Amino acid sequence: MGVKLLLEKAHVEGIRTYEVYRREGGYRAVEKALKTMGPDAVVEEVKKSGLRGRGGAGFPAGMKWSFIAKPEGVPRHLVCNADESEPGTFKDRYLMEFLPHLLIEGLIVSSFALGSNATYIYIRGEYAWIPDILEQAIAEAKANGWLGKNILGTGFDLEIYVQRGAGAYICGEETALIESLEGKRGNPRIKPPFPAIKGVWERPTVVNNVETLAAVVPIINMGGDEYAKIGVGKSTGTKLISACGNINKPGVYEIDMTISVEEFIYSDEYCGGIANGKRLKACIPGGSSVPILPANLLLKTAKGETRYMNYESLSDGGFATGSMMGSGGFIVLDEDQSVVRNTYTLARFYRHESCGQCSPCREGTGWMEKLLKRLLEGKGKITDIDLLWDIQRKIEGNTICPLGDAAAWPIAAAIRHFRDEFEWYVTNPEESQRRNYGLAHYADPREVVA
Amino acid sequence: MIRFSDDKMAKVQEIIARYPEGKQKSALLPLLHLAQETFGGWLDVPVMDYVAELLQIDPIEVYEVATFYSMYNLKPVGKYMFEVCHTGPCMISGADNIVAYITEKLGIKPGETTADGLFTLKTAECLGACGYAPMMQLGKHYREHLTKEKVDAIIDECRRNAAANN
Ligand SMILES: Cc1cc2nc3c(=O)[nH]c(=O)nc-3n(C[C@H](O)[C@H](O)[C@H](O)COP(=O)(O)O)c2cc1C
Ligand code: SF4
Ligand code: FES
Numbered sequence: 038m039g040v041k042l043l044l045e046k047a048h049v050e051g052i053r054t055y056e057v058y059r060r061e062g063g064y065r066a067v068e069k070a071l072k073t074m075g076p077d078a079v080v081e082e083v084k085k086s087g088l089r090g091r092g093g094a095g096f097p098a099g100m101k102w103s104f105i106a107k108p109e110g111v112p113r114h115l116v117c118n119a120d121e122s123e124p125g126t127f128k129d130r131y132l133m134e135f136l137p138h139l140l141i142e143g144l145i146v147s148s149f150a151l152g153s154n155a156t157y158i159y160i161r162g163e164y165a166w167i168p169d170i171l172e173q174a175i176a177e178a179k180a181n182g183w184l185g186k187n188i189l190g191t192g193f194d195l196e197i198y199v200q201r202g203a204g205a206y207i208c209g210e211e212t213a214l215i216e217s218l219e220g221k222r223g224n225p226r227i228k229p230p231f232p233a234i235k236g237v238w239e240r241p242t243v244v245n246n247v248e249t250l251a252a253v254v255p256i257i258n259m260g261g262d263e264y265a266k267i268g269v270g271k272s273t274g275t276k277l278i279s280a281c282g283n284i285n286k287p288g289v290y291e292i293d294m295t296i297s298v299e300e301f302i303y304s305d306e307y308c309g310g311i312a313n314g315k316r317l318k319a320c321i322p323g324g325s326s327v328p329i330l331p332a333n334l335l336l337k338t339a340k341g342e343t344r345y346m347n348y349e350s351l352s353d354g355g356f357a358t359g360s361m362m363g364s365g366g367f368i369v370l371d372e373d374q375s376v377v378r379n380t381y382t383l384a385r386f387y388r389h390e391s392c393g394q395c396s397p398c399r400e401g402t403g404w405m406e407k408l409l410k411r412l413l414e415g416k417g418k419i420t421d422i423d424l425l426w427d428i429q430r431k432i433e434g435n436t437i438c439p440l441g442d443a444a445a446w447p448i449a450a451a452i453r454h455f456r457d458e459f460e461w462y463v464t465n466p467e468e469s470q471r472r473n474y475g476l477a478h479y480a481d482p483r484e485v486v487a
Numbered sequence: 004m005i006r007f008s009d010d011k012m013a014k015v016q017e018i019i020a021r022y023p024e025g026k027q028k029s030a031l032l033p034l035l036h037l038a039q040e041t042f043g044g045w046l047d048v049p050v051m052d053y054v055a056e057l058l059q060i061d062p063i064e065v066y067e068v069a070t071f072y073s074m075y076n077l078k079p080v081g082k083y084m085f086e087v088c089h090t091g092p093c094m095i096s097g098a099d100n101i102v103a104y105i106t107e108k109l110g111i112k113p114g115e116t117t118a119d120g121l122f123t124l125k126t127a128e129c130l131g132a133c134g135y136a137p138m139m140q141l142g143k144h145y146r147e148h149l150t151k152e153k154v155d156a157i158i159d160e161c162r163r164n165a166a167a168n169n
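Chains as they are written, first to last, in my numbering: chain R, 38 to 487; chain S, 4 to 169.
Derived from the structure by calculation, the hints contain no laboratory data.
One should not assume that every hint holds.
For lysine to any residue, the following SDA-like pairs were computed, each having C-alpha atoms within a straight-line distance of at most 20 Å [stated by the list, open to error]:
| # | chain 1 | residue 1 | chain 2 | residue 2 |
| --- | --- | --- | --- | --- |
| 1 | R | Lys221 | S | Pro23 |
| 2 | R | Lys179 | S | Lys26 |
| 3 | S | Lys26 | R | Pro112 |
| 4 | R | Lys266 | R | Leu44 |
For each label pair, taking beta carbons as the anchor points, the in silico distance ranges come out as [as the list claims (entries may be wrong)]:
| # | chain 1 | residue 1 | chain 2 | residue 2 | range |
| --- | --- | --- | --- | --- | --- |
| 5 | S | Thr106 | R | Lys69 | 53 to 59 Å |
| 6 | R | Glu342 | S | Asn100 | 38 to 44 Å |
| 7 | R | Lys266 | S | Glu152 | 46 to 52 Å |
| 8 | S | Lys112 | R | Gly270 | 22 to 28 Å |
| 9 | R | Lys416 | S | Thr106 | 21 to 27 Å |
| 10 | S | Asp52 | R | Ala312 | 47 to 53 Å |
| 11 | S | Asp159 | R | Ser396 | 44 to 50 Å |
| 12 | R | Asn187 | S | Asp159 | 34 to 40 Å |
| 13 | R | Pro112 | S | Lys112 | 37 to 43 Å |
The structure displayed is predicted, hence computed values, not measured ones.
Ideal Cβ placement from N, Cα and C applies to all residues, glycine included.
This is chain R alone, in the form it adopts within the complex (with noise of 0.2 Å):
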């Protein structure tokens, strides 16, 4: 059994009571910041603790909170992004859902560092039954003194507002979320200035995602040096994976970074294997917007050694043989799923959710769907998968914001990797309408062995 720290108590009978989390020993973390650290302190441990976002960009969280800036009389604002819309990633659900207090005693930590007194959880629209659930472990917490004015008699002021999303995945990149809370379209800004600066109501905002703020309590309360012991480099602490596709035993997992990605895929403790008995073909390990990558690449890095689930194993090789952690939403593919059809739908996906600013993506995206579309249906053409290639190239790094390089990313990494397939629709088209490339040479390096 790997270390846990978020979901060690996930399953403790009535943990989302109040009562329950409070003699499980919650709020400590509360107890230890306001009284005998001071914000400062708290800044100090979650850099010590070498945390990093969580969110998908993987930015060190105690950096981001030393650049907010202090003006005098202006306040400042902690918003936390529950948008999690990118596709394969679930695990702040998990999160909200059955350890609320856990976000809420993050929070009330994490806004006394910035020295925020209003926060907002900014949620994604469809996860329609969570604020319900927020906000009654926020009136728990401000009825037994944890919230509201004067908390535990330090002077420290803090409101906790849950705010709803309608619909756009855009919305959790984090300047489209700012321009969300003030009840506007989701468009992205551009920066700088960066919320830190000037972010909700032109004012000093850091965001930061569910779990980063979640993570804040193990760190307050067993020191950041202690809780950088755990994990690899600079993938320090606890990391939740949300595992989908098609794997024994889908759901969220907390791992300690040190783990190979062969022993999450295949171990009965996490994934357990692949489902039916089939092969593995290909994975998204980081949610959708980072590169798939064939199974050879996926268990052994280009050099031949393990990839490990951490930042820096998942990465190695660059965007050549490589992808990212990104969210933790971890999509396998077994060998009967076609690798056109899995990026087209995200392609699809991508055009739904630009947000129309930027020509190269709002126009890129929809090219790119159509093309696939075509591919998938027996009717493209070889120079297709060139256009293709050479839109996505376009796209990538010319748009105001990061949503443009993770439409581009998917494609740029499926063609990469599996040209062939691509190249098999458009010189078989009757049968590729009737079955499925299958694994071609990507085999599991485990069973090539065998």
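Since the structure of chain R is already known, use the hints to place chain S with the ligands on it.
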């Protein structure tokens, strides 16, 4: 007359109070959710105008937001809306079969509503339930691990509820 009840008006005031003075526009998304729930499941122009009036903003500021977000319905929808996710992870797990089955059973394609106004079928993009696929949103909640049998049961449940409420 489009008006919130006193109870709902109290909720509106409570929502507006979450934001700094003069930033009441931030309440727009929550108010549109409340309005959609209250006034028949969609946002007709007079409803949007009413929300604009409540927040003291121009109607265009409401329209541009209502048209941006996929959860706001700009046309009437059925009493029960089946929003079946069809993004990659759900597709791998058979979402297309579920959509096809609902189409066969109710005689409506995605985007359509049954003649009796009871059901609307829609496809949705990833709803954050990829590990419990195939799935759909029905009202406030998710229905996960869908099978044909489950879809049958859900449709029966909706019909029973509709009959009970009439
Ligand atoms: C298109 C797009 C969608 C995003 N969606 C989310 C999201 O749903 N949740 C999230 O935490 N971060 C998301 N992000 C990342 C945020 O912009 C931001 O980096 C993050 O919330 C920072 O928190 P962290 O440092 O704790 O990870 C998204 C970014 C982009 C470009
Ligand atoms: S890259 Fe796409 S989503 Fe991002 S701002 Fe430009 S058009 Fe909008
Ligand atoms: S892909 Fe359907 S819920 Fe995520």
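Tested hints:
1. R:Lys221 / S:Pro23: Holds, at about 16 Å.
2. R:Lys179 / S:Lys26: The hint is violated at about 25 Å.
3. S:Lys26 / R:Pro112: holds (14 Å)
4. R:Lys266 / R:Leu44: holds (19 Å)
5. S:Thr106 / R:Lys69: 53 to 59 Å: holds (57 Å)
6. R:Glu342 / S:Asn100: 38 to 44 Å: holds (40 Å)
7. R:Lys266 / S:Glu152: 46 to 52 Å: holds (50 Å)
8. S:Lys112 / R:Gly270: 22 to 28 Å: Violated: the Cβ-Cβ distance is about 51 Å, outside 22 to 28 Å.
9. R:Lys416 / S:Thr106: 21 to 27 Å: holds (23 Å)
10. S:Asp52 / R:Ala312: 47 to 53 Å: holds (52 Å)
11. S:Asp159 / R:Ser396: 44 to 50 Å: 48 Å Cβ-Cβ, so the 44 to 50 Å window holds.
12. R:Asn187 / S:Asp159: 34 to 40 Å: violated (54 Å)
13. R:Pro112 / S:Lys112: 37 to 43 Å: For Pro112 of chain R and Lys112 of chain S the Cβ distance comes to about 50 Å; the hint is violated.
Checked against the numbered hints above, the structure breaks hints 2, 8, 12 and 13 and satisfies the rest.
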